[in-house]
Amino acid sequence: MIEFTTWDILRNLLLATRWTILLSLVSFVGGGVVGLALLFLRISKRKSLRSLAKYYIELFQGTPLLMQLFIAFFGLGLFGIDVPAWLAAGLALILWAAAFLGEIWRGCVEAVAKGQWEASASLGMGRLQQMRYVILPQAMRIAVAPTVGFSVQVVKGTALTSIIGFVELSKAGTVVTNATFQPFTVYGLVALIYFALCWPLSKSSQVLERKLNVAHRNH
Amino acid sequence: DALGDITARGTLRVAVPQDFPPFGSVGVDMAPMGYDIDMANLIADKLGVKVELVPVTSANRIPYLQTNKVDLVISSLGKNPDREKVIDFSAAYAPFYNGVFAPAELAATKPEELSGKMVGVTRGAVEDLELTKVAPADTVIKRYEDNNGTISAFLSGQVEAVATGNVVAAAILAKNPPKRPELKFLIKNSPCYIGLSKEQPALLEKVNGIIAAAKADGSLNAISQKWLGTDLPTDL
Amino acid sequence: MSLIEITEVRKSYGMNEVLKGIDLDVEPGEVIAIIGKSGSGKSTLLRCINGLETISKGSISVAGAQLLDDEVHLKALRLKVGMIFQQFNLFPHLTVGGNVMLSQMVVKKTPKPAAEEMARKMLERVGLEQKFDAYPDELSGGQKQRVAIARALAMQPIALLCDEITSALDPELVSEVLAVVRELAAEGMTLLMVTHEMKFARDVCSRVVFMHQGRVHEIGAPDEVFANPQTPELKQFLGMH
Amino acid sequence: MSLIEITEVRKSYGMNEVLKGIDLDVEPGEVIAIIGKSGSGKSTLLRCINGLETISKGSISVAGAQLLDDEVHLKALRLKVGMIFQQFNLFPHLTVGGNVMLSQMVVKKTPKPAAEEMARKMLERVGLEQKFDAYPDELSGGQKQRVAIARALAMQPIALLCDEITSALDPELVSEVLAVVRELAAEGMTLLMVTHEMKFARDVCSRVVFMHQGRVHEIGAPDEVFANPQTPELKQFLGMH
Amino acid sequence: MNYQFEFGWLFEYYPQIVKGIAITVELIAVGAVAGISLGIFCAWVRALGPSWLKPIVAAYVELIRNTPFLIQLFFIFFGLPSLGLQLDELQAANIAMIVNLGAYSCEIIRAGIQATPRGQFEAGASLAMTRFETFRHVVLVPSLQRIWPALSSQVVIVMLGSAVVSQIAAEDLTFAANFIQSRTFRAFEAYMVSTIVYLALAILLRQALAAVGGLIFPRRAAR
Ligand SMILES: Nc1ncnc2c1ncn2[C@@H]1O[C@H](COP(=O)(O)OP(=O)(O)OP(=O)(O)O)[C@@H](O)[C@H]1O
Ligand SMILES: Nc1ncnc2c1ncn2[C@@H]1O[C@H](COP(=O)(O)OP(=O)(O)OP(=O)(O)O)[C@@H](O)[C@H]1O
Ligand SMILES: [Mg+2]
Ligand SMILES: [Mg+2]
Chain Z
6 MIEFTTWDIL RNLLLATRWT ILLSLVSFVG GGVVGLALLF LRISKRKSLR SLAKYYIELF
66 QGTPLLMQLF IAFFGLGLFG IDVPAWLAAG LALILWAAAF LGEIWRGCVE AVAKGQWEAS
126 ASLGMGRLQQ MRYVILPQAM RIAVAPTVGF SVQVVKGTAL TSIIGFVELS KAGTVVTNAT
186 FQPFTVYGLV ALIYFALCWP LSKSSQVLER KLNVAHRNH
Chain B
109 DALGDITARG TLRVAVPQDF PPFGSVGVDM APMGYDIDMA NLIADKLGVK VELVPVTSAN
169 RIPYLQTNKV DLVISSLGKN PDREKVIDFS AAYAPFYNGV FAPAELAATK PEELSGKMVG
229 VTRGAVEDLE LTKVAPADTV IKRYEDNNGT ISAFLSGQVE AVATGNVVAA AILAKNPPKR
289 PELKFLIKNS PCYIGLSKEQ PALLEKVNGI IAAAKADGSL NAISQKWLGT DLPTDL
Chain P
139 MSLIEITEVR KSYGMNEVLK GIDLDVEPGE VIAIIGKSGS GKSTLLRCIN GLETISKGSI
199 SVAGAQLLDD EVHLKALRLK VGMIFQQFNL FPHLTVGGNV MLSQMVVKKT PKPAAEEMAR
259 KMLERVGLEQ KFDAYPDELS GGQKQRVAIA RALAMQPIAL LCDEITSALD PELVSEVLAV
319 VRELAAEGMT LLMVTHEMKF ARDVCSRVVF MHQGRVHEIG APDEVFANPQ TPELKQFLGM
379 H
Chain R
139 MSLIEITEVR KSYGMNEVLK GIDLDVEPGE VIAIIGKSGS GKSTLLRCIN GLETISKGSI
199 SVAGAQLLDD EVHLKALRLK VGMIFQQFNL FPHLTVGGNV MLSQMVVKKT PKPAAEEMAR
259 KMLERVGLEQ KFDAYPDELS GGQKQRVAIA RALAMQPIAL LCDEITSALD PELVSEVLAV
319 VRELAAEGMT LLMVTHEMKF ARDVCSRVVF MHQGRVHEIG APDEVFANPQ TPELKQFLGM
379 H
Chain W
6 MNYQFEFGWL FEYYPQIVKG IAITVELIAV GAVAGISLGI FCAWVRALGP SWLKPIVAAY
66 VELIRNTPFL IQLFFIFFGL PSLGLQLDEL QAANIAMIVN LGAYSCEIIR AGIQATPRGQ
126 FEAGASLAMT RFETFRHVVL VPSLQRIWPA LSSQVVIVML GSAVVSQIAA EDLTFAANFI
186 QSRTFRAFEA YMVSTIVYLA LAILLRQALA AVGGLIFPRR AAR
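So the sequence lines, in the order shown, correspond to chains Z, B, P, R and W. Just so we're aligned: 88 in my numbering is position 83 of the first sequence, and the numbers increase by one with no gaps anywhere. Just so we're aligned: 326 in my numbering is position 218 of the second sequence, and the numbers increase by one with no gaps anywhere. Just so we're aligned: 160 in my numbering is position 22 of the third sequence, and the numbers increase by one with no gaps anywhere. Just so we're aligned: 196 in my numbering is position 58 of the fourth sequence, and the numbers increase by one with no gaps anywhere. Just so we're aligned: 62 in my numbering is position 57 of the fifth sequence, and the numbers increase by one with no gaps anywhere.
If a hint is listed, it holds; no wrong ones were tucked in.
Straight-line C-alpha distance at most 30 Å; calculated BS3-like pairs for lysine-lysine: (1) Lys216(Z) x Lys59(W); (2) Lys119(Z) x Lys195(P); (3) Lys250(R) x Lys269(R); (4) Lys50(Z) x Lys218(P); (5) Lys246(R) x Lys213(R); (6) Lys213(P) x Lys50(Z); (7) Lys246(P) x Lys50(Z); (8) Lys119(Z) x Lys259(P); (9) Lys216(Z) x Lys269(P); (10) Lys193(B) x Lys24(W); (11) Lys50(Z) x Lys158(P); (12) Lys119(Z) x Lys213(P); (13) Lys246(P) x Lys119(Z); (14) Lys59(W) x Lys213(R); (15) Lys119(Z) x Lys218(P); (16) Lys119(Z) x Lys158(P); (17) Lys247(P) x Lys119(Z); (18) Lys247(P) x Lys50(Z); (19) Lys119(Z) x Lys175(P).
Label pairs and their computed distance ranges (CB to CB): (20) Trp57(W) x Lys195(R): 27 to 35 Å; (21) Gln119(W) x Glu255(R): 32 to 40 Å; (22) Gln351(P) x Lys119(Z): 19 to 27 Å; (23) Glu31(W) x Glu313(B): 50 to 58 Å; (24) Lys50(Z) x Trp57(W): 51 to 59 Å; (25) Phe189(Z) x Pro60(W): 23 to 31 Å; (26) Glu146(P) x Glu267(R): 55 to 63 Å; (27) Phe189(Z) x Gly118(B): 41 to 49 Å; (28) Phe189(Z) x Ser42(W): 22 to 30 Å; (29) Ala278(B) x Ser42(W): 42 to 50 Å.
Think of the hints as simulated: they come from the structure by calculation, not from any bench. Just so it is clear, CB atoms sit at the ideal spot from N, CA and C, and this is done for glycine as well.
Could you build the full structure based on these sequences and the hints that come with them?
Here's what the structure looks like:
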């Protein structure tokens, strides 16, 4: 039988980490795009659009990501859509991340002083122009820290995709455990790799937050 | 129709295990290998298409088929009436004896003696269904998501015994694990079948033909020798 | 036809009627001071003229065009009427120049060089041409308010609404802002300003509007209104100063 | 032996020496007013006596016990000396009664009924017995400060330190708090109070301490100190009032 | 779509679902009480505690917050036995949730403590309370009140995260869905039902926490 050296274990885990990183990036970027759309719905003038976004957020923040993954994976197939694991994983994570990012960003937009809306309106700007040129540039500054902070949740969220069979870091961990019978070492290493991915993100989020609070300059 | 799709696509999508030696496990390079993988290759070969291996778990392999994510499930799948309601089965392609395994110090020679014991099993596998039927009511059955979980639970001592295939236990034993699963008793002779979507007679016929041919020309026996270390039983 | 015609305007917040039927016509080139106690509805009136609040009843028209509550009409209106706020409301992420250029480029689609030329001209007019590249938080309050005026002027409005534009300023900075307004008035700009600067109102304005409890309580030339208030409310209000 | 003995006390924050050698002995029953300009170190002195700040040099003893910087000694000290703050510092999550009972029960392990009895007695003393079940945010500033006094008294201290306890109050509420302090003084409580109420200091205090730049600049009976200040600094300070 | 929805299995399997709900509720109840207690202790250490403990607690908090719950769970259940610490799946799930919520609530509660006005500490001290007594009786409740909404959200997040404990055969709500799915092959229906139950649980939990808040914070104490 083949024997795994510690290096084999680590190498395989690191190879799988590529998927974790890729999946995180896809979810984060995709979630950002959808989240932005949600943000616009959430602060729209139309009540129906606002409630639509609200229920979306309620639904995705009120149910386990795991269930969302299951349903994306097994559910969509029933509608005749062929979803490979990576697509289901990406889709569910994007929709899930969008709910959180949309809500985080709404808070940031609402933190921009009301006078900014009024001043830009009185200069004749339309709502989209106000958002694009006046509100979003200011809200973005506020949003950087919590957004980076949330990226940690995204990286950790990708671990759940192991359960629908997507072979990223966590799944590689279980598979390797079974080939080596060294759960303590393998899961320890898996945890360390996640830590190495997440910790710089959380740290920079904290640093950014402090920086923005201390130097309350606007440019 | 499924067979047409496969030839048109040029690839055969097969659900295989990667947590279930010797039927499917991973090598140092994380590539799947095992009886089921060889079987998948053999069928693809005979169909003249490329093979695309999709790693699955016991729990989700049937939904994979139901949702048309794969064409075949070659994943040490056992047959039972419940399953026959939702999918079709080919002829048997591998032998499989379910048994209860435990370290030497645990004494149990028949299901009744599992009373009060904690037994791990993979949720949704034939062992799960059979053990649930034969074990006394006070047996604690722990059902894990996949074979990884079941095997890890046994090796880390979370359960006293596991129900699984004899060859699986043998494959684990071969790796000199900290806890040695020894056969206590068999619960069912449940050969493995290839699972297909319902109402695909063309594909079913083709697959059955390939299996019969492989049995006849000895190529299936070679796979058995390679992974199970014995000849195919004659009654298969 | 007057430049701004306010007819029977009413505005309620929930059950609270804040404007109780306002009639006011403003001729081109007029400079009107709006005075009155806190809560009398002065800001609300200005905000209604600019379409920042929707009116409950009555009508407002500017240069012959009705105020209607849709983006197209609002935009047309706001191109004619500029507004300046007590809290400056400069855009903190843009330079002074950027503040003045933004709406020209975004709303009027003025090409950048033309917008910049206009911005420099307007900043010169308020005496801040050298601050073109500064950011708002590097300016004093008086300078900020002058930038806000330049920003409104750059849109070439036919009238300006000013809501207590000197109230957030330290006393020594008030005069620099009022000097700019005085000049605008002299150049013939139509101005509606809520103010507490009675001396300024008396010197510069053509008419004074005294608001009380959501109504125009007295209106007239500053000399009359200040020297000879008709109602006890205005007397009391002026007595406070 | 005096009740409170402050000997050569120095206190620095970093390089900034705030107390530059303070000597002061307080006899039982004395009522001492501490006056002086902002930043002269008055609060710091009181805070040192109560152990809220550690002193850099010198010694402080209360009723014969040294002030040492460990929890056991600090606790013993604070059982003898109560303190009342400008900002009241009532506990917002407890009722008035809870505020007065808490430390008795926690620190002295007084059983609840006894603590409640004491609380009611002390609240009666400050005229607030009917507010027992009210929460701090339902009280006026003067009432809050009287609760703070009752809370300190419930610990039966032998001396009270008061740091500008009327400075955060509206003028009409000051007298109700001073009335309570006046009564405490009459009953023989030892009091050290930082205050700006010169009239009160003159009427009630046995001695006045004038602090200046971290030193006790003048000290004496109120009649002397107020009528006949010796140093130009005190003269100037009193001239301010 | 030619898939026929079918919920007939609900009648046969509802005991599984009820049991799953019971376990999920047990997990979050124990997890919330013990996790928040642990969080309070850690927040105390980080804000006011002895300095030798601070780095230990900081390391714990950072480690937990930066690794997935699933891996923590696997580590506890599959990994710790090789150190001789054998926990059954419910114990492991409970401990994982406590440890997880402990780390998150630590940071939330610490923010609440740090927002406490200095005068509250000084008033406690001048009434002869020790630092710990002051924390316990004066600082804690208003601090918790300040951050109660954030803490409630975190509890809901942890409850939803508990879905992965089915991976170690803890028979929670997700386990029930998976179990039913493996017997009836009605994956979509089973997951849909459990998703709806989770949503209901999340809403109920939020309300329960608001009610608890109303009980322990009688007044607008925090500011
Ligand atoms: N957005 C709003 N919602 C509800 N009521 C409002 C709102 N804005 C203003 N009000 C009410 O309308 C009334 C008039 O307010 P307005 O701001 O116009 O007064 P003002 O004359 O400008 O006073 P000030 O001199 O204080 O600025 C006030 O009673 C105010 O409370
Ligand atoms: N925590 C601190 N850290 C550094 N410096 C301090 C601190 N507290 C007080 N100081 C400084 O010590 C000096 C004395 O302060 P203190 O509060 O004792 O003055 P005070 O006489 O009470 O003044 P006031 O009448 O304004 O209350 C001041 O210069 C102050 O800036
Ligand atoms: Mg106003
Ligand atoms: Mg002071």
